[in-house]
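Colleague: Sequence:
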Amino acid sequence: MANRRQYKHMRKWTDQMNEDLLSCKREAVAMTQIEQPPLDGNCKKKGYIKLMKELWDAKGYNDFGFSSQNLRDQAARLEKSLELGDSRNSAKDTALINESQYTNQTNELQTTTRHDLHNSQHEIPGALDQNEDNAIISGCLPEYNVNKRPMINWGKRGDGRTIVISTSDITDAYDEITAWKKNVFLVPYGKIGRDFMDQITMHINDWNSGSENQHVSLKAVFVLLAVGLQKPNPKSKAKDHQDALSKRLALWKDGEISKLIREGRIIQSRIGKFKGSNHLIKLKSLLSLC
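Just so it is clear: in the sequence shown, position 192 is 192 by full-length UniProt numbering, and no numbers are missing.
Just so you know, the hints here were simulated from the structure itself, not pulled from any lab data. For every residue, glycine included, the Cβ atom is placed at its ideal position computed from N, Cα and C. It cannot be assumed that every hint is accurate.
Calculated lysine to aspartate or glutamate pairs in the EDC-like style (CA-CA distance at most 16 Å, straight line) [claimed, not checked]:
no. : residue 1 : residue 2
1   : K46       : D20
2   : K59       : E35
3   : K59       : D15
4   : K181      : E263
5   : K50       : E27
6   : K191      : E263
7   : K46       : D195
8   : K259      : D195
9   : K219      : E143
10  : K12       : D63
11  : K45       : E35
12  : K235      : D198
13  : K59       : E27
14  : K219      : D175
15  : K50       : E212
16  : K80       : E176
17  : K259      : D172
18  : K253      : D198
19  : K253      : D195
20  : K219      : E176
21  : K247      : D195
22  : K12       : E54
23  : K156      : E19
24  : K50       : D40
25  : K50       : D15
26  : K46       : D63
27  : K80       : E19
Beta-carbon label-pair distances, calculated as ranges [stated by the list, open to error]:
no. : residue 1 : residue 2 : range
28  : G65       : L186      : 33 to 41 Å
29  : Q69       : S269      : 29 to 37 Å
30  : K235      : Q36       : 52 to 60 Å
31  : R26       : Q69       : 13 to 21 Å
32  : K182      : N62       : 22 to 30 Å
33  : L39       : D73       : 19 to 27 Å
34  : P232      : Q69       : 16 to 24 Å
35  : P150      : P37       : 22 to 30 Å
36  : K45       : K253      : 48 to 56 Å
Using the sequences and the hints given, assemble the complete structure.
Modeller: Structural data, given as structure tokens:
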């Protein structure tokens, strides 16, 4: 128990750790943009998240137990706090904002705008006010308001337009399908079955390569399995399964996650009714024998 308490204590983020993390992320992003980026064991380009984790471990933080996802989320929070500190700076600021650095930034803002900070607070949309109300404490992150849910590039339509969906479409769908009753058919043979498995493989590769969609890729796999392989009805045949999977896979590629969840929800609601009616039929049969 003592070791676990000590390990938990080591997880507290210090100013130096935050500064090192941002440095690792900047260097990792730069490495992915060079002409010959680092490759993994399969000769594929490494994602910046994987490179950032390697650089982080190389700085001696390997024993702290932070995962790649922990590092990615922490770096995103730190960059968000930098944006709140000065709305005129870009999202790629390299300085880690602490209490003294925040004072320096506000002084620079006074010089460039030729206004007193306390008289011009209302001209900056809430960013400086929020940092003043929430003083940054060493090792802790300031409170901040999330303006919108993060979006991800899902793919491209037939006309070349990019399909963009919210990460909440996947996470909310995953939360719902975990409570569904088992009602799936086997992956059919033929082209539609291969297309389905190719889509599953693509999401798994997103996870393995550390792509921008890595944080939702595994949940996407489970959601696709659940919504794609739902039996339309208890007496459906192999041909029905192929037709259903073909339509569902097209909706999935178009980012229509909510439509697929709605269809699955309807099918799931029928499962309970069907089982209940069977139970009544069996009960009546037993009573007739008495």
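Colleague: Of all the hints given earlier, name the ones this structure violates by number, lowest first.
Modeller: Per hint list: 1, 2, 6, 7, 8, 9, 12, 16, 22, 23, 25, 26, 32, 34, 36 violated.
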